[in-house]
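Enquirer: Spelled out, the chains give:
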Amino acid sequence: MSNTEQSVGIVAAQSAEFASALELCSGSVLPSYTLKYETYGELNAARTNAVLICHALSGHHHVAGRYHPDEKSPGWWDSMIGPGKPIDTRRFFVVGVNNLGGCHGSSGPSSLNPATGRAWGSGFPLMTVPDWVKTQARLADRLGIDRWAAVIGGSLGGMQALQWSIDFPERVAHALVIASAPKLSAQNIAFNDVARQAILSDPDFHGGDFYQQNALPRSGLRLARMLGHITYLSDDGMGEKFGRMLRSGEFRYCYDVEFEIESYLRSQGDKFANVFDANTYLLMTKALDYFDPAQAHGDDLALALRRAQAQFLVVSFTSDWRFSPQRSREIVQALIAADKKVVYGEIESSHGHDAFLMLDPPYVNLMRSYLRRVAEELGA
Amino acid sequence: MNTPLRPDLQLIADQVPTGARVLDLGCGDGALLAWLQQHKAVRGYGVEIDGDNVVRCVSAGVCAIQGDLETGLSDFADQSFDLVILSQTIQAVRQTEGILLEMLRVGREAMVTFPNFGYWRNRWQIFQGHMPVSETIPYQWYDTPNIHWCMLGDFEALCAKNGIGVRQRVVMDQGRRVRFMPNLLGSLAFYRVGPH
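Quick mapping for you: the protein sequence lines, in order, are chains R and U.
If you read the first sequence in my numbering, its first letter stands for residue 16, the second for the next number, and so on.
If you read the second sequence in my numbering, its first letter stands for residue 1247, the second for the next number, and so on.
Only true hints are included.
Below, in silico cross-link-like pairs of lysine to aspartate or glutamate (DMTMM-like), each with a Cα-Cα straight-line distance of 25 Å or less: (1) R/K355 <-> U/D1275; (2) R/K149 <-> R/E38; (3) R/K286 <-> R/D271; (4) R/K356 <-> U/E1348; (5) R/K356 <-> U/D1324; (6) R/K356 <-> U/D1314; (7) R/K198 <-> R/E38; (8) R/K356 <-> U/D1260; (9) R/K355 <-> U/D1324; (10) R/K256 <-> R/D375; (11) R/K198 <-> R/E185; (12) R/K256 <-> R/E273; (13) R/K355 <-> U/E1348; (14) R/K301 <-> R/D285; (15) R/K301 <-> R/D314; (16) R/K355 <-> U/D1298; (17) R/K301 <-> R/D315; (18) U/K1286 <-> R/D354; (19) R/K256 <-> R/D271; (20) R/K356 <-> U/D1296; (21) R/K356 <-> U/D1275; (22) R/K198 <-> R/D304; (23) R/K355 <-> U/D1328; (24) U/K1286 <-> R/E391; (25) R/K356 <-> U/E1355; (26) U/K1286 <-> R/E392; (27) R/K198 <-> R/E363; (28) R/K355 <-> R/D307; (29) R/K356 <-> U/E1316; (30) U/K1286 <-> U/E1355; (31) U/K1286 <-> U/D1324; (32) R/K356 <-> U/D1298; (33) U/K1407 <-> U/E1355; (34) R/K355 <-> R/E185; (35) R/K355 <-> U/D1296; (36) R/K356 <-> U/D1328; (37) R/K286 <-> R/D208; (38) R/K355 <-> U/E1355.
In case anyone wonders, no lab produced these hints; they're calculated from the structure.
With these hints in hand, go ahead and build the complete structure from the sequences.
Expert: See the structure below:
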């Protein structure tokens, strides 16, 4: 058994069907939709111990545990969630959800459009962070959760946690915003657009309706992932791991894989292109680009956050250049200006943006102590 | 829960008005802010460079912002605090004057405490040919974080130079207030300062 005593063990995904129409920021309306989710731990009688985990670009609802004992890898944040772990399932009832537009069981471009009986493809509407938060709130209603003890997310997940605190102030006790940003910079959007162009220009993309063509825009998605992956790692981290190492020990003067970093990126790209949906990737990057909660408040983030009732933990990592510590500080500055309770940790790490998924001890200690405090406060 | 504060922190705590919005620079484990939140209903933040201390602050229920004082207080808006506190830290910072000015940019008033270098025991050790080492200065000259020593008059001169008024001065030794020859007999100085 590869499961340790700190694992939530064997888990199963669940589906929730929503028949009431969902009006989206784009103006489109989804008449009905499915959300795939998982839960770990027990909801207490007072229903005060629920924690929502919001996922990032390529994440999903399978956050912790395994579907069967010999599943190769556990859920994507298994390191942080489980009995005795920082998000302690002996105290918290943890909910992971696949965002709408995803490709892991929730309604999305690759799922069937009930109106046509075919994959949604290019017909699936674009999503925004506030749209997701709205659907997560409906799931919370379904699960009988009036108020989250904590909404937690890294990167794009952190943006959802922040949005939750603004859109449903009375429903969030704590928001944990990790390796995130209050909005994307021009450089962030530029990287996203190159990734999108890689997909959109793949001849197998067919304008998003490749499902009917028995085609898969693998090369576009692979390139997009390779590019993205570079931005998740730090220069130092990549240098430590790969440096200028050569596969065969000497130059071969050709365009095949020569450097180890090329081999690594290509294999990451290949793996991803086989399991992820190209339309979902496009949609997720657009949701990132659109995120800007300050916009509706005269570009004043503090004003946007004034209505929040949550307490906040904001965490950044020193070597993260995708969403650098400075971006987290913008959130912290706005929270201070809005007179909100906030703890800010700037974690020394060489893991770049990916550090939010790693276990640098100062990060784990901070998460652990903060969530212990949350549990004590809410009687979880 | 109700552990008594270190005497120098208690000295500060006693002067803090109830309900104030407080910024504690170099807040350490958050003991002062935790006490103030509990006993004086203050709202506030601490700034702390050390990650382990930030974790201790969290356990104490204190809002700690991890950061380096030396790079300024850009996270905080002008005049957004009733009070900014710097306890036993001013002698260890590089940008001493800059920090003092920053404190009064973000706060309407500042409280500063520091070990008085003019204390007679320090002078005695210097007279004997050595840099002072004591309970309040527990470092050797080669490993001390304290790089900007001053005496009462030095600090007051720095304030005067920047148009900062001294509103209150308390000098202590061994937990007792020193009124007679404070620069000689006091080991710890407390100042409440603000614009003239």
